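Colleague: Here are the chains, one letter per residue:
There are 2 protein chains.
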Amino acid sequence: MAAAGEGTVAKALEVLDRVAGYGRPVKFSELLDDSPYPKATLYRFLQTLTGQRMLSYDPDRGTYAPGMRLVRLAHAAWQQSSLAPIARPHLDTLSERLGETVHLAQLDNGQVLYVDKRNARTPVQMYSQAGKVGPAYCTGVGKAMLAFLPEEQLADALEQQSWRRFTDKTFTDPASLRGELLRIRARGHSFDDEEHEPGIICIALPILTSSGRPLGALSITSTTSRTSLAEMEQLAPALNETAQAIGRDAEDWAFPETQTRAFKGA
Amino acid sequence: MAAAGEGTVAKALEVLDRVAGYGRPVKFSELLDDSPYPKATLYRFLQTLTGQRMLSYDPDRGTYAPGMRLVRLAHAAWQQSSLAPIARPHLDTLSERLGETVHLAQLDNGQVLYVDKRNARTPVQMYSQAGKVGPAYCTGVGKAMLAFLPEEQLADALEQQSWRRFTDKTFTDPASLRGELLRIRARGHSFDDEEHEPGIICIALPILTSSGRPLGALSITSTTSRTSLAEMEQLAPALNETAQAIGRDAEDWAFPETQTRAFKGA
DNA sequence: GCTTCTAGTTTCATTATGTGAAACTTTGTT
DNA sequence: AACAAAGTTTCACATAATGAAACTAGAAGC
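These protein sequence lines map, in sequence, to chains A and B. FYI, in the working numbering the residues of the first sequence are -16 to 249. FYI, in the working numbering the residues of the second sequence are -16 to 249.
Don't read these hints as lab results, they were simulated from the structure. The reader is advised that the hints may include incorrect statements.
[Claimed, not checked] Simulated crosslink set (DSBU-like; lysine-lysine; CA at most 35 Å straight-line):
id, chain 1, residue 1, chain 2, residue 2
1, A, Lys115, B, Lys10
2, B, Lys(-6), A, Lys(-6)
3, A, Lys22, B, Lys(-6)
4, B, Lys10, A, Lys10
5, A, Lys152, A, Lys115
6, B, Lys10, A, Lys(-6)
7, A, Lys(-6), B, Lys152
8, B, Lys(-6), A, Lys115
On a predicted model such as this, the values are computed, not experimentally measured, just so you know.
Using the sequences and the hints, build the whole thing.
Modeller: Now the structure itself:
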């Protein structure tokens, strides 16, 4: 539904989103079933997107899937527009120091978008994990960012939550979450106390600009079988140090506006 | 240039590509300078793309950069359309067994698109992450795939190469590369003998379908200071085993066509 | 302080593009 | 062979994109 009369580009992108949403290759007829567009129109969109390699088409199976051009474009986006490249060395240090799973996330359209990660051991950073989205209202990183959002934006963001009850500890309405956000704001860090997945806990901190706007958030994740929230709280100072450092770098950096063109060359 | 009268969506995506190509935030006027579109038209495209979060706009600096929506979309593309998820366990095994830098790449529009990577225990400092693109004619993975392309597609691909001389070992014309490709085809694997970057060498193998079509390629990278091509050639059997396994999995897998529907609702 | 220039934004008549019902083709089924 | 379902093409029509020109905001010059 929706699909405001926004223009052709918007409609095409909506179709793209829809295809991506399936999480697997989809046939034309499936897409047609829950599409607001008539057959010919949808068909033409798919043709266009496929021609642009934003979708790929498997002729044997007659299915569409998101295309590789997206992967290239996203690499540029990730590198230029996310916190990840700036935060990278800091995540490395933190991860090495603590040996725990670290997540770096940003708020995107009311949802948590993970942009980098360090596994307890491997130093791989890629959007095999980056690009994943999650709910804001029941994750450590999400709540950490929400807690520092100006009222207007917070109201917006809260509107966009699904309030689905993932576990019996999930906050399922704006009112109770607002209470939690106040506590987080006072405390400076948030917890995820099995609110999203049973057994999974985390501590998270926002990354703030000097003016207090949240740029992203940082978290350490563990399990109830390995540790407890009380124990994890002791990591707060280390996390805070890292979050501050990233925030500082992000502002300094905020684009030296060097005329660095050359890139892919040597 | 280019910008065939393809339709609005194509034009908008062309603008998006262009912005991404700068590798840094760009001002409107810069884009205007090398844009085929008049001011008002380009302006409207940027507005549309920004509104769709395919671009992000920094009001302070008046600059555009690729937007975060791409990162979400790409995650779906990477997961569904690339070889990476299928190859993952195999890369893990291979990387652990050899302890060297492993790359997994695919051919995308005549270029090499890296879709996964494992770092060496002693990591070589090199650029490469998922989404990164590189030339096909002077990389191990690129040549491995080209060598197994059917003539028509090969001709196409060769047209798209820049033939830039990166080092004095780079093949800089189709004719000499074709000779190399024949040798690679006969041998079953390719080398990169410092053809792209001085001091960087690699051995690569194509990942083939049972019908012999290249799906991707796999490589081990190292440096001339640590090893030699002769020595690396001994890794060929291990690589081959992995490449075969990935190819097999990719075909078997080729989508169980489960009727898993439900997703976003719930 | 006023003028001129430049970069960015808006307007609006014109034109090109996108739209979708319906006809058609291809592929699979009984 | 007849039928049905899925996918593709056509074409009169409506909508949306186009871009020259007018406008506005800021910066640089006088």
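Colleague: For each hint, tell me whether it holds in the structure or not.
Modeller: A quick look at each hint next to the structure:
1. A:Lys115 / B:Lys10: 29 Å, holds
2. B:Lys(-6) / A:Lys(-6): Distance ~14 Å between Lys(-6) of chain B and Lys(-6) of chain A Cα, so the pair holds.
3. A:Lys22 / B:Lys(-6): Judged against 35 Å, a Cα distance of about 24 Å means the pair holds.
4. B:Lys10 / A:Lys10: Status violated; Cα separation ~40 Å.
5. A:Lys152 / A:Lys115: 23 Å, holds
6. B:Lys10 / A:Lys(-6): 26 Å, holds
7. A:Lys(-6) / B:Lys152: Between Lys(-6) of chain A and Lys152 of chain B the Cα gap is close to 48 Å, so the pair fails against 35 Å, i.e. violated.
8. B:Lys(-6) / A:Lys115: 28 Å, holds
Hint check: violations occur at hints 4 and 7; the rest are consistent with the structure.
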